[in-house]
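Novice: Here are the chains, one letter per residue:
Protein chains: 2
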Amino acid sequence: MEKSDFLKESFETAQFQLGGHGKRDAAILKEAFGQVEDAMPSDHYGNGEVIEDFQLKIAKLLGKEAAVFFPSGTMAQQIALRIWCDEKKLKKVAYHPLSHLEIHEEDGLKELHHIDSVLLADKGRVIEIEDITALNEEVACILLELPQREIGGQLPNYETLVEISNWCREKGVKLHLDGARLFEVLPYYEKSAAEVAGLFDSVYISLYKGIGGIAGAVLAGSPGFAEQSKVWKRRHGGDLISLYPYIVSADYYLDKRLDKMEQYFREAKELAASFNACEEVSTLPLVPVSNMFHVYFQQPKEQIARVLAEVQKQSGVGFTSYLKEETEGNCYFEVSMGDLYTAIPKEKIAYAFQVLAQKIPS
Amino acid sequence: MEKSDFLKESFETAQFQLGGHGKRDAAILKEAFGQVEDAMPSDHYGNGEVIEDFQLKIAKLLGKEAAVFFPSGTMAQQIALRIWCDEKKLKKVAYHPLSHLEIHEEDGLKELHHIDSVLLADKGRVIEIEDITALNEEVACILLELPQREIGGQLPNYETLVEISNWCREKGVKLHLDGARLFEVLPYYEKSAAEVAGLFDSVYISLYKGIGGIAGAVLAGSPGFAEQSKVWKRRHGGDLISLYPYIVSADYYLDKRLDKMEQYFREAKELAASFNACEEVSTLPLVPVSNMFHVYFQQPKEQIARVLAEVQKQSGVGFTSYLKEETEGNCYFEVSMGDLYTAIPKEKIAYAFQVLAQKIPS
Numbered sequence: 001m002e003k004s005d006f007l008k009e010s011f012e013t014a015q016f017q018l019g020g021h022g023k024r025d026a027a028i029l030k031e032a033f034g035q036v037e038d039a040m041p042s043d044h045y046g047n048g049e050v051i052e053d054f055q056l057k058i059a060k061l062l063g064k065e066a067a068v069f070f071p072s073g074t075m076a077q078q079i080a081l082r083i084w085c086d087e088k089k090l091k092k093v094a095y096h097p098l099s100h101l102e103i104h105e106e107d108g109l110k111e112l113h114h115i116d117s118v119l120l121a122d123k124g125r126v127i128e129i130e131d132i133t134a135l136n137e138e139v140a141c142i143l144l145e146l147p148q149r150e151i152g153g154q155l156p157n158y159e160t161l162v163e164i165s166n167w168c169r170e171k172g173v174k175l176h177l178d179g180a181r182l183f184e185v186l187p188y189y190e191k192s193a194a195e196v197a198g199l200f201d202s203v204y205i206s207l208y209k210g211i212g213g214i215a216g217a218v219l220a221g222s223p224g225f226a227e228q229s230k231v232w233k234r235r236h237g238g239d240l241i242s243l244y245p246y247i248v249s250a251d252y253y254l255d256k257r258l259d260k261m262e263q264y265f266r267e268a269k270e271l272a273a274s275f276n277a278c279e280e281v282s283t284l285p286l287v288p289v290s291n292m293f294h295v296y297f298q299q300p301k302e303q304i305a306r307v308l309a310e311v312q313k314q315s316g317v318g319f320t321s322y323l324k325e326e327t328e329g330n331c332y333f334e335v336s337m338g339d340l341y342t343a344i345p346k347e348k349i350a351y352a353f354q355v356l357a358q359k360i361p362s
Numbered sequence: 363m364e365k366s367d368f369l370k371e372s373f374e375t376a377q378f379q380l381g382g383h384g385k386r387d388a389a390i391l392k393e394a395f396g397q398v399e400d401a402m403p404s405d406h407y408g409n410g411e412v413i414e415d416f417q418l419k420i421a422k423l424l425g426k427e428a429a430v431f432f433p434s435g436t437m438a439q440q441i442a443l444r445i446w447c448d449e450k451k452l453k454k455v456a457y458h459p460l461s462h463l464e465i466h467e468e469d470g471l472k473e474l475h476h477i478d479s480v481l482l483a484d485k486g487r488v489i490e491i492e493d494i495t496a497l498n499e500e501v502a503c504i505l506l507e508l509p510q511r512e513i514g515g516q517l518p519n520y521e522t523l524v525e526i527s528n529w530c531r532e533k534g535v536k537l538h539l540d541g542a543r544l545f546e547v548l549p550y551y552e553k554s555a556a557e558v559a560g561l562f563d564s565v566y567i568s569l570y571k572g573i574g575g576i577a578g579a580v581l582a583g584s585p586g587f588a589e590q591s592k593v594w595k596r597r598h599g600g601d602l603i604s605l606y607p608y609i610v611s612a613d614y615y616l617d618k619r620l621d622k623m624e625q626y627f628r629e630a631k632e633l634a635a636s637f638n639a640c641e642e643v644s645t646l647p648l649v650p651v652s653n654m655f656h657v658y659f660q661q662p663k664e665q666i667a668r669v670l671a672e673v674q675k676q677s678g679v680g681f682t683s684y685l686k687e688e689t690e691g692n693c694y695f696e697v698s699m700g701d702l703y704t705a706i707p708k709e710k711i712a713y714a715f716q717v718l719a720q721k722i723p724s
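Listed in order, the protein sequences are those of chains A and B.
When the first sequence is numbered by this note's numbering, its final residue is 362 and no position is left out of the sequence of numbers.
When the second sequence is numbered by this note's numbering, its final residue is 724 and no position is left out of the sequence of numbers.
One thing to keep in mind: the hints can contain errors.
Straight line, CA to CA, 25 Å or less: simulated BS3-like cross-link-like pairs of lysine-lysine [claimed, not checked]:
#1 A/K23 - B/K392
#2 B/K710 - B/K370
#3 A/K57 - A/K30
#4 B/K450 - A/K110
#5 B/K472 - A/K92
#6 A/K110 - B/K454
#7 B/K419 - B/K622
#8 B/K592 - A/K110
#9 B/K453 - B/K553
#10 A/K30 - B/K385
#11 B/K631 - B/K422
#12 A/K91 - B/K472
#13 B/K392 - A/K30
#14 B/K553 - B/K454
#15 B/K472 - A/K88
#16 B/K472 - A/K89
#17 B/K533 - A/K110
To be clear about the criterion: a stretch of chain A counts as covered by chain B if any three or more of its residues have a C-beta under 8 Å from a C-beta of chain B, and this derived list gives those stretches [as the list claims (entries may be wrong)]:
#18 41-49
#19 74-80
#20 86-94
#21 144-158
#22 205-217
#23 235-241
Hints are computed from structural coordinates only; laboratory data are not their basis.
Note that CB positions come from ideal geometry on N, CA and C, so glycine has one too.
Excised from the complex, chain A in its bound form (with noise of 0.2 Å):
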């Protein structure tokens, strides 16, 4: 076995485990569908009532006109790029080194819709006004996303947020959020998700991160921007025949944990806090602003990996399943909080942080 399988292992068997929601099993299926008529008809290739009521309402929860559900955000930011793009006639976009199109997405922004991008910022550390404005040459969109996952979820402050639309506007560029995590950051920035997608001319947000659903995600703006997004929602072939079982999933699973986002918010300062009490571990950011950080180590990835197999045996509780090496030397995981933390008895957390401790080497 692998040491990574090794560590996997110690994860999924342990009693508890401090991030997520659980298993990504048919269970998620089967408890959205369990309340759901066999008569409810299937929408059809965009149309029909599910896929409508819900997009109307994601609309009305973004404070925008109209919404499209997609199958993916890759496919949904993808389309919503080229069609600023095709409306300033200039197949250039501006957004951070570490951006879901730039590393996660097999350049489909550029193979397929021949797109460049113009990288912002430096890796380590989220977009300001001031790399905005130092721009030198013209794009016809600025993504940000919010939080800045690859970087533990990190945040500009909101007037930054405030002064790069205005910017903007100014100057015609469109501003497009990436918000995957958007609910997730709306507790830390203490606005609601139509004051803070008013800034932006079109919004993506996923469906199956702090939300839990299956897949899927919206994309929300105008209706004319709504209208051209089915076009190439079509020519991507995400234009199913049926979407209704990420719909009736993500409509089940936002009505359970949308209200939850703050307490996701609250729990991952909390756990942030008790790996920064740990010496040679930190976590980034060192106040999480979302439900999500990295948590850091700074020795190499398979001393980690063993030591942190132990602790989730001998304490019952799981920390992650992988380790990813950044440099040579060190190693992070990532942690989302979500349902399971809170159902976890604090004095099993402490013993676990106290396990931990113990191990680590200094």
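Could you slot chain B onto chain A? The hints should help.
Specialist: Positioned in the frame of chain A, the structure of chain B alone reads:
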């Protein structure tokens, strides 16, 4: 209420319907998941038992080395053609003028992949070997749709398929099968899926036509082709974190219906004969070669809509929910045989055709 709604309502409220498997409602999903363990793990971005096992099953069924599950055929086929075009460094493919790619995909192939299409044969007939040998420009790939859906589901002879396949191999042109309804044509050809698929370099099948799943498609070919298709699937935004709602349903209904294709074919011939026995009504093709056919009337759509609505109300047998005008003064609808036909009492069907014969204007 519009006339078309009037027709639709009389169809949906009729006690029986001639075509299809029944309403596309949530019961389809719930039945498929009825026997699934809560603990069945989700697939995860294309990995995991649920997706890998199903892909292997379809690969084996099609006699191909590898298969990849896609959310849609639109996505799968564009990608297949893109791979073959890239391999040949020639962005040109040939297919029927009424191919799904040409008329139902908002030109995704052209807009996303910049692939040009050469249209083979006249709209009203299937592609023959002469259309291929007469090609006066080089193409990377030829796509054949079996059966040709938009002309009632017609088929070339099997010998023609062999000739086309041989020609393509000789000339170094890839041959792709749009097998959205591949299983549905096997009883006519008296061949296995693998025998037909063996004539092609890549094969797409749909999982919600005769099979009656919720959505989804599979693309099959060589291992190298499959690997490339996964990269493009990610670029298209089709590499979802979870595709299992479609996969589990597809697997369930495949097992349930694969052996019924012979029955659907036999019943299609029987039902088409009933239509053709009616003066002023004819089917295309006259004798079906799959589970589908089109029903033509040589009178205006509005007139026939009224007649059919009356027939459906009086007889309690639903023929169609819609009519399409092909040329002015005629109209048609499509029938695809499924599970419903066999459950209708024979005398009910006989009565419905008797009423139709009485009411149809000559």
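Novice: Each hint needs a verdict: does it hold in this structure or not?
Specialist: Going through the hints against the structure:
1. Among the hinted pairs, A/K23 with B/K392 is consistent with the structure: their alpha-carbon atoms are about 20 Å apart, no more than 25 Å.
2. For a cut-off of 25 Å, the pair hint linking B/K710 to B/K370 stands: about 20 Å separates their Cα positions.
3. The straight-line distance between the Cα atoms of A/K57 and A/K30 is roughly 23 Å, inside the 25 Å bound, and the hint therefore holds.
4. Restraint check for B/K450 and A/K110: satisfied, since their Cα atoms lie roughly 21 Å apart, inside the 25 Å limit.
5. For a cut-off of 25 Å, the pair hint linking B/K472 to A/K92 stands: about 21 Å separates their Cα positions.
6. At most 25 Å may separate the alpha-carbon atoms for a hinted pair to count; A/K110 and B/K454 meet this at roughly 21 Å.
7. At roughly 18 Å between alpha-carbon atoms, B/K419 and B/K622 fall within 25 Å of each other, so this suggested pair holds.
8. A distance of roughly 17 Å separates the Cα atoms of B/K592 and A/K110; the hinted pair therefore holds under the 25 Å criterion.
9. This hinted pair does not check out: B/K453 and B/K553 have alpha carbons roughly 33 Å apart, beyond 25 Å.
10. Pair hint A/K30 plus B/K385 holds up; C-alpha atoms about 20 Å apart against a cutoff of 25 Å.
11. With a C-alpha separation of about 30 Å, the suggested pair B/K631 and B/K422 falls outside the 25 Å cut-off, and the hint is violated.
12. Of the supplied pair hints, the one linking A/K91 and B/K472 holds, its CA atoms being roughly 17 Å apart against a limit of 25 Å.
13. Between B/K392 and A/K30 the CA atoms are separated by roughly 8 Å; this keeps the pair inside 25 Å, and the hint holds.
14. Pair hint B/K553 plus B/K454 does not hold up; C-alpha atoms about 31 Å apart against a cutoff of 25 Å.
15. The hinted pair formed by B/K472 and A/K88 meets the criterion: a straight-line CA distance of about 21 Å does not exceed 25 Å.
16. With a C-alpha separation of about 18 Å, the suggested pairing of B/K472 with A/K89 holds against the 25 Å cut-off.
17. At most 25 Å may separate the alpha-carbon atoms for a hinted pair to count; B/K533 and A/K110 exceed this at roughly 32 Å.
18. Using a Cβ-Cβ cut-off of 8 Å, 3 residues of the region 41-49 of chain A lie near chain B, which meets the minimum of three, so the contact claim holds.
19. Evaluation of the coverage hint for the region 74-80 of chain A: fulfilled, as 4 residues show C-beta separations to chain B shorter than 8 Å, against a requirement of three.
20. Proximity of the region 86-94 of chain A to chain B, defined as three or more residues with a beta carbon under 8 Å from a beta carbon of that chain, is not established by the 0 residues found.
21. Given a C-beta distance limit of less than 8 Å, the hint that chain B covers the region 144-158 of chain A is violated, as 0 residues qualify and 3 are needed.
22. Note: the region 205-217 of chain A has 3 residues with beta-carbon separation from chain B under 8 Å; the three-residue rule is met and the coverage holds.
23. As drawn, the region 235-241 of chain A meets chain B at 7 residues by the rule of a beta-carbon pair under 8 Å; at three or more, the given contact holds.
Against the hints set out earlier in the document, violations occur for numbers 9, 11, 14, 17, 20 and 21.
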